[in-house]
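There are 2 protein chains.
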Amino acid sequence: VDGLHARALEPLPDVRPGDDLAALIEAVAPSDLAGGDVLVVAHKVVSKAEGRVRSLESITPGERALALAAEHRKDARLVQAVLDESAEVLRAHDGVLICETHHGFVCANAGVDQSNATEPGELVLLPANPDESARRLRAGLPAHPAIVIADSFGRPWRLGQTDVALGAAGLMALDDWSGRPDAYGRELRVTAIAVADAAAAAADLARAKDSRRPVVLLRGLERYVTEEDGPGAAPLRRAREQDLFR
Amino acid sequence: VDGLHARALEPLPDVRPGDDLAALIEAVAPSDLAGGDVLVVAHKVVSKAEGRVRSLESITPGERALALAAEHRKDARLVQAVLDESAEVLRAHDGVLICETHHGFVCANAGVDQSNATEPGELVLLPANPDESARRLRAGLPAHPAIVIADSFGRPWRLGQTDVALGAAGLMALDDWSGRPDAYGRELRVTAIAVADAAAAAADLARAKDSRRPVVLLRGLERYVTEEDGPGAAPLRRAREQDLFR
Numbered sequence: 018v019d020g021l022h023a024r025a026l027e028p029l030p031d032v033r034p035g036d037d038l039a040a041l042i043e044a045v046a047p048s049d050l051a052g053g054d055v056l057v058v059a060h061k062v063v064s065k066a067e068g069r070v071r072s073l074e075s076i077t078p079g080e081r082a083l084a085l086a087a088e089h090r091k092d093a094r095l096v097q098a099v100l101d102e103s104a105e106v107l108r109a110h111d112g113v114l115i116c117e118t119h120h121g122f123v124c125a126n127a128g129v130d131q132s133n134a135t136e137p138g139e140l141v142l143l144p145a146n147p148d149e150s151a152r153r154l155r156a157g158l159p160a161h162p163a164i165v166i167a168d169s170f171g172r173p174w175r176l177g178q179t180d181v182a183l184g185a186a187g188l189m190a191l192d193d194w195s196g197r198p199d200a201y202g203r204e205l206r207v208t209a210i211a212v213a214d215a216a217a218a219a220a221d222l223a224r225a226k227d228s229r230r231p232v233v234l235l236r237g238l239e240r241y242v243t244e245e246d247g248p249g250a251a252p253l254r255r256a257r258e259q260d261l262f263r
Numbered sequence: 018v019d020g021l022h023a024r025a026l027e028p029l030p031d032v033r034p035g036d037d038l039a040a041l042i043e044a045v046a047p048s049d050l051a052g053g054d055v056l057v058v059a060h061k062v063v064s065k066a067e068g069r070v071r072s073l074e075s076i077t078p079g080e081r082a083l084a085l086a087a088e089h090r091k092d093a094r095l096v097q098a099v100l101d102e103s104a105e106v107l108r109a110h111d112g113v114l115i116c117e118t119h120h121g122f123v124c125a126n127a128g129v130d131q132s133n134a135t136e137p138g139e140l141v142l143l144p145a146n147p148d149e150s151a152r153r154l155r156a157g158l159p160a161h162p163a164i165v166i167a168d169s170f171g172r173p174w175r176l177g178q179t180d181v182a183l184g185a186a187g188l189m190a191l192d193d194w195s196g197r198p199d200a201y202g203r204e205l206r207v208t209a210i211a212v213a214d215a216a217a218a219a220a221d222l223a224r225a226k227d228s229r230r231p232v233v234l235l236r237g238l239e240r241y242v243t244e245e246d247g248p249g250a251a252p253l254r255r256a257r258e259q260d261l262f263r
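So the protein lines, in turn, are chains D and A.
Per this note's numbering, residue 18 is the first one in the first sequence, and the count goes up by one each step.
Per this note's numbering, residue 18 is the first one in the second sequence, and the count goes up by one each step.
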């Protein structure tokens, strides 16, 4: 095994709603792109291509958004967009809203983000169904590589953000080792490697945050790549009732 | 930039208390190991070399350990070891104890682990001061690479474990971008990349969990490597009072 290699592909042009993202990626992919490769794609270009953007100007905040915005000194229209994307606001503190999205992700501002938006006053949302987006991208690329759609999430207990997998296709997102023996033949403590999250984190190290290089090619993960698209990144979402920290 | 490359070094022999871990690593390191390289070292070999192991047989459980063990059907001696390593038990549910360690890490069983222990009945603890351990390793390697000491932690909200940095030396563990402009010249949302955690996660993808390859060489992170040992992984620990989820 030669290990893991991560390399950012050349920048994409500005992605706008309706663009064929697979074709844009194909144009910058290396000619030897293979089915065992993994492409990690920053969710923003996916959201933009899918029209998952809103303009601040078009939003009329409701009562709850106005109250939260006043309390946390935020733009009430932004807060309304966050509430629209949220199944539940878990914490609101010091200007930060930690929300569970309708998909079941727990993250700041329900993933609604102004940074790296194309137009002033534009909000980028998370893709509506990131696993479906990943499957579509995979189908649209002739080499049929595995796809991970990534975003940066904060963590409780630890500072800083790491990239995690919102969606995936053709990658074993969770490699469950429970019941397998350790190197000394004893049963392992419950151990399941969050492969897709680790792949997203590795990809993030291969590009600078402010560069326009949303796509990173990962090689050396062939053992986790599957012919079927599989369940995507859904196995990484912890069900509410299994969660000790709400 | 040629991206990021991660490669597991050859297996180490069984590490025992008192062993010179830097010398054991030096013996498997490539001859071109450089100061800009990062070595990610699984904490277990560090703990073993430092004598941070206990034998189950030597432990007499106290009252609280006996009660918790009965409630969660665990070995009371193991529970006593977990309590000894814990500043606080945050949750105890279904056989899992989520604890804050004396260092301030929040993890299952306060990091006390039987898997990959050398002897039956041996418990491996976290290093007492992982940043200090990292500095010592760095000083002991002639090429003076950056060091990350890693362990696998579970996450609330997401299933599966990812490797995180317990300790570090010579690596900018947290790359704080807040206030810097995004690719479109607008201020970024609060963004700080947990570089050392992402490095630990990337390294984990380069080795199999059950292999005896505790050391992974990362190349391509030179921009985060510092001449000074720096504050280690401490900047990644979220202070209790900044934590919204306790």
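No lab work stands behind these hints: they were computed from the structure.
We put the beta carbon where it would ideally sit given N, CA and C, even for glycine.
Some hints here could point you the wrong way.
As the list claims (entries may be wrong) - Some chain A residues close to chain D (C-beta under 8 angstroms, calculated; not the full set):
#1 39
#2 41
#3 178
#4 181
#5 222
As the list claims (entries may be wrong) - Residues of chain A clear of chain D, computed beta-carbon distances all greater than 10 angstroms:
#6 32
#7 52
#8 88
#9 113
#10 175
#11 177
#12 179
#13 180
#14 192
#15 209
Tested hints:
1. The criterion of a C-beta within 8 angstroms of any C-beta in chain D is not met by residue 39 (chain A), whose closest approach is roughly 22 angstroms, and the hint is violated.
2. Interface hint at residue 41 (chain A): violated, since its Cβ lies 16 angstroms from the closest Cβ of chain D, which is beyond the 8 angstroms cut-off.
3. Interface hint at residue 178 (chain A): satisfied, since its Cβ lies 6 angstroms from the closest Cβ of chain D, which is below the 8 angstroms cut-off.
4. Below 8 angstroms, beta-carbon pairs count as interface contacts, and residue 181 (chain A) has one with chain D at about 7 angstroms; its hint therefore holds.
5. The interface hint given for residue 222 (chain A) is met, as the beta carbon of that residue sits about 5 angstroms from the closest beta carbon of chain D, less than 8 angstroms.
6. Here residue 32 (chain A) stays apart from chain D, with its beta-carbon at least about 12 angstroms from theirs, past the 10 angstroms limit.
7. Against the 10 angstroms criterion, residue 52 (chain A) stays outside the reach of chain D, whose nearest CB is about 18 angstroms from its own CB.
8. With a minimum CB-CB distance of about 15 angstroms to chain D, residue 88 (chain A) clears the 10 angstroms threshold, and the non-interface call stands.
9. A beta-carbon of chain D is positioned within 10 angstroms of the beta-carbon of residue 113 (chain A); the least distance is around 8 angstroms.
10. Look at residue 175 (chain A): its CB is around 5 angstroms from the nearest CB on chain D, not clear of 10 angstroms, so calling it non-interface is violated.
11. Non-interface status of residue 177 (chain A) relative to chain D is broken: a Cβ of that chain comes within 10 angstroms, the nearest being about 3 angstroms off.
12. Not every CB of chain D lies more than 10 angstroms from the CB of residue 179 (chain A), the least distance being 5 angstroms, so the non-interface label is violated.
13. The beta carbon of residue 180 (chain A) is not kept farther than 10 angstroms from every beta carbon of chain D, the shortest such distance being approximately 7 angstroms.
14. The Cβ of residue 192 (chain A) does not lie farther than 10 angstroms from every Cβ of chain D; its closest approach is about 8 angstroms, which violates its non-interface assignment.
15. With a least CB separation of 5 angstroms from chain D, residue 209 (chain A) falls inside the 10 angstroms interface cut-off, contrary to its annotation.
Hint violations for this structure: numbers 1, 2, 9, 10, 11, 12, 13, 14 and 15, all remaining hints satisfied.
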